[in-house]
Amino acid sequence: MSDQLSLLPFDLMLAIYLIAIAAEAMSGALAAGRRDMDIFGVAVIAFVTALGGGTLRDVILGNYPIGWTQHPVYVYLVIAAGLLTTLVAPYLHHLRRAFLLLDALGLVAFSLIGCQVALLLGYPTVVVIMSGMLTGISGGILRDLLCNQVPVVFQRELYASVSLVVCALFLMFGAIGLPVDANSALCFAGGLSLRLLAIRHGWQLPTFSYHRRWD
Amino acid sequence: MSDQLSLLPFDLMLAIYLIAIAAEAMSGALAAGRRDMDIFGVAVIAFVTALGGGTLRDVILGNYPIGWTQHPVYVYLVIAAGLLTTLVAPYLHHLRRAFLLLDALGLVAFSLIGCQVALLLGYPTVVVIMSGMLTGISGGILRDLLCNQVPVVFQRELYASVSLVVCALFLMFGAIGLPVDANSALCFAGGLSLRLLAIRHGWQLPTFSYHRRWD
Amino acid sequence: MSDQLSLLPFDLMLAIYLIAIAAEAMSGALAAGRRDMDIFGVAVIAFVTALGGGTLRDVILGNYPIGWTQHPVYVYLVIAAGLLTTLVAPYLHHLRRAFLLLDALGLVAFSLIGCQVALLLGYPTVVVIMSGMLTGISGGILRDLLCNQVPVVFQRELYASVSLVVCALFLMFGAIGLPVDANSALCFAGGLSLRLLAIRHGWQLPTFSYHRRWD
Numbered sequence: 099m100s101d102q103l104s105l106l107p108f109d110l111m112l113a114i115y116l117i118a119i120a121a122e123a124m125s126g127a128l129a130a131g132r133r134d135m136d137i138f139g140v141a142v143i144a145f146v147t148a149l150g151g152g153t154l155r156d157v158i159l160g161n162y163p164i165g166w167t168q169h170p171v172y173v174y175l176v177i178a179a180g181l182l183t184t185l186v187a188p189y190l191h192h193l194r195r196a197f198l199l200l201d202a203l204g205l206v207a208f209s210l211i212g213c214q215v216a217l218l219l220g221y222p223t224v225v226v227i228m229s230g231m232l233t234g235i236s237g238g239i240l241r242d243l244l245c246n247q248v249p250v251v252f253q254r255e256l257y258a259s260v261s262l263v264v265c266a267l268f269l270m271f272g273a274i275g276l277p278v279d280a281n282s283a284l285c286f287a288g289g290l291s292l293r294l295l296a297i298r299h300g301w302q303l304p305t306f307s308y309h310r311r312w313d
Numbered sequence: 099m100s101d102q103l104s105l106l107p108f109d110l111m112l113a114i115y116l117i118a119i120a121a122e123a124m125s126g127a128l129a130a131g132r133r134d135m136d137i138f139g140v141a142v143i144a145f146v147t148a149l150g151g152g153t154l155r156d157v158i159l160g161n162y163p164i165g166w167t168q169h170p171v172y173v174y175l176v177i178a179a180g181l182l183t184t185l186v187a188p189y190l191h192h193l194r195r196a197f198l199l200l201d202a203l204g205l206v207a208f209s210l211i212g213c214q215v216a217l218l219l220g221y222p223t224v225v226v227i228m229s230g231m232l233t234g235i236s237g238g239i240l241r242d243l244l245c246n247q248v249p250v251v252f253q254r255e256l257y258a259s260v261s262l263v264v265c266a267l268f269l270m271f272g273a274i275g276l277p278v279d280a281n282s283a284l285c286f287a288g289g290l291s292l293r294l295l296a297i298r299h300g301w302q303l304p305t306f307s308y309h310r311r312w313d
Numbered sequence: 099m100s101d102q103l104s105l106l107p108f109d110l111m112l113a114i115y116l117i118a119i120a121a122e123a124m125s126g127a128l129a130a131g132r133r134d135m136d137i138f139g140v141a142v143i144a145f146v147t148a149l150g151g152g153t154l155r156d157v158i159l160g161n162y163p164i165g166w167t168q169h170p171v172y173v174y175l176v177i178a179a180g181l182l183t184t185l186v187a188p189y190l191h192h193l194r195r196a197f198l199l200l201d202a203l204g205l206v207a208f209s210l211i212g213c214q215v216a217l218l219l220g221y222p223t224v225v226v227i228m229s230g231m232l233t234g235i236s237g238g239i240l241r242d243l244l245c246n247q248v249p250v251v252f253q254r255e256l257y258a259s260v261s262l263v264v265c266a267l268f269l270m271f272g273a274i275g276l277p278v279d280a281n282s283a284l285c286f287a288g289g290l291s292l293r294l295l296a297i298r299h300g301w302q303l304p305t306f307s308y309h310r311r312w313d
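Chains as they are written, first to last, in this note's numbering: chain A, 99 to 313; chain B, 99 to 313; chain C, 99 to 313.
Isolated chain A, as found in the complex (with noise of 0.2 Å):
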């Protein structure tokens, strides 16, 4: 991670990182929790929502050693939050609100530092593009396929496409000579005022139904 982490100054983006992964780490353990695991199942989710993303673009991108075997302290934090999560879960639903935003700080995060680790590694535009996305929304696919459910980020509100939309802008920003800095918040302001709309207003994409039997 380090040295991803120059895209904005460098203390607010480790912080917003942190935040981001704690947050995974937390709707990993209530996805958990509708699944009546144990706690060591809690914090395996944990684990996987907050560091799969990264884990899993790092893998197909050839990009070792990954990031969080590195950063013992990230292992702990998303555990730690994993767990506290089972002892405050009855009051978490009146931090909704709270959860969504951190849950959207994440996503415009994870997608900003998908993008310039790819962007770092020389890959294509596609490619840096896609990194950004599977940053942004693998763990959370990764979480449902251990629950054992469809992934969410495909059937909701408006939430793989904001990580498309953030990826798309810092790369467009980017060719139009934008400073990283003034690019990275630009794109945090406009990701996340997206997703935050989308949630209020209930928007999505269109969906594609198809049912017919062919056998």
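Among these hints, one or two may not hold up.
[Said to hold, decoys possible] Which residues of chain B face chain C? A partial, calculated answer using Cβ under 8 Å:
1) His169
2) Ala258
3) Tyr308
4) Arg310
[As the list claims (entries may be wrong)] The following label-pair restraints were derived from C-beta to C-beta distances:
5) C:His191 x B:Ala280: 43 to 53 Å
6) B:Leu284 x A:Leu218: 42 to 52 Å
7) C:His192 x A:Gly300: 54 to 64 Å
8) B:Pro163 x A:Arg254: 46 to 56 Å
9) A:Asp109 x B:Tyr162: 27 to 37 Å
The hints are simulated quantities; they were obtained by calculation from the structure and are not laboratory data.
The C-beta atom is built at its ideal place from N, Cα and C for all residues, glycine as well.
The hints should help you fit chains B and C onto chain A, whose structure is shown.
Leaving out everything else, chains B and C in the frame of chain A:
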């Protein structure tokens, strides 16, 4: 990919490969439609079905960089094929036979390419065969995982077995000195015939049912 | 594998490893039978259950080439064990205790091997423990994913926790200077006892249930 296309005349093999990934992308899009995903989910499932098998093979064999990251056109093609499917879906069942033919073509082409990749990397025979099968069938397995269903490749007419037969023939013919062009053409013809006959006559492997509960 | 077998006298450790992967392959075959898969599916699930955990570990740690690609005999063994299971399945419930013992042996052996691999690669402590657990439990998780069920390792008697305890003991005993032979033997005895006691007495971790809907 480009360096793995030498097993048939280049243009023909590339054409077959492009048709194959487009056909796989379409099968992915239809599966996403059965889960009422949004168009973003359709694109993702199309991508994973078409290019996920090769990705998994490359990750397991340590064959970096992964194919599609160097050929953005493959990415555009499979996403376009997936999205196009949502438009033409109402008419697709008229094309069932053409679709099954393309899918069978893809199965055989993917299997031969997977063998070839592992051969070039110097892996032992059993790994070459597994690489061929991984490339041939795991895109469909990933598709079914993401759509939350038991992989159909293990429950219907001969499918995975066709991949195995193609890989085994390719290695055997190679071992007895058949030139690679003739070898590939023979394997294509054999694999395609076997798959189409299996569909026509409903050939299946014996299944294993075990429903005794121990506890 | 061969270079990771130094933690116990070589022949003994290898024998335990081979028994363990055969036992895991059998558990995979039975799970495939519960989904009425064909014998090809049985072979694939057996393979993934037995060797998938080590594969995932090697991919995440960047430990190429992956173990089984260099030892074809492991591949033949697990596929044979899987297929054999379909023949002896009607009699297997008489062997339930032997089977659970072999599975527990495998869990402990896999965990110790996973720790050792990460230690040799120089990863930090928390990664060593996670590598042990990944090797110990993720084959079973992949099996459950492919069979479309919530991973049982998070819902039954102590299982993943046994792996954690074994890994932690191994590192602790190593840190206080216990020779590696004695260390491994102790961890084996401890882990095996814990698992068998947990099965006998139904010891479970506390579970986390969360069924409140937010929306």
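Each hint tested on the structure:
With a cut of 8 Å, the hint placing histidine 169 of chain B at the interface with chain C is violated, because the nearest CB-to-CB distance is about 22 Å. Here the hint on alanine 258 of chain B is kept, as its CB sits about 5 Å from the closest CB of chain C, short of 8 Å. Because the beta carbon of tyrosine 308 of chain B sits about 3 Å from the nearest beta carbon in chain C, less than 8 Å, this interface hint is met. The restraint placing arginine 310 of chain B at the interface with chain C holds, with a minimum CB-CB distance near 6 Å, inside the 8 Å limit.
A C-beta distance of roughly 52 Å is found between histidine 191 of chain C and alanine 280 of chain B, which places it inside the suggested range of 43 to 53 Å. Checked against the hint of 42 to 52 Å, the pair leucine 284 of chain B and leucine 218 of chain A passes, with Cβ atoms roughly 46 Å apart. Between histidine 192 of chain C and glycine 300 of chain A the Cβ separation comes to about 57 Å, which falls inside the hinted range of 54 to 64 Å. For proline 163 of chain B paired with arginine 254 of chain A, a C-beta distance near 33 Å fails the hint of 46 to 56 Å.
At about 33 Å, the CB distance of aspartate 109 of chain A to tyrosine 162 of chain B agrees with the hint of 27 to 37 Å.
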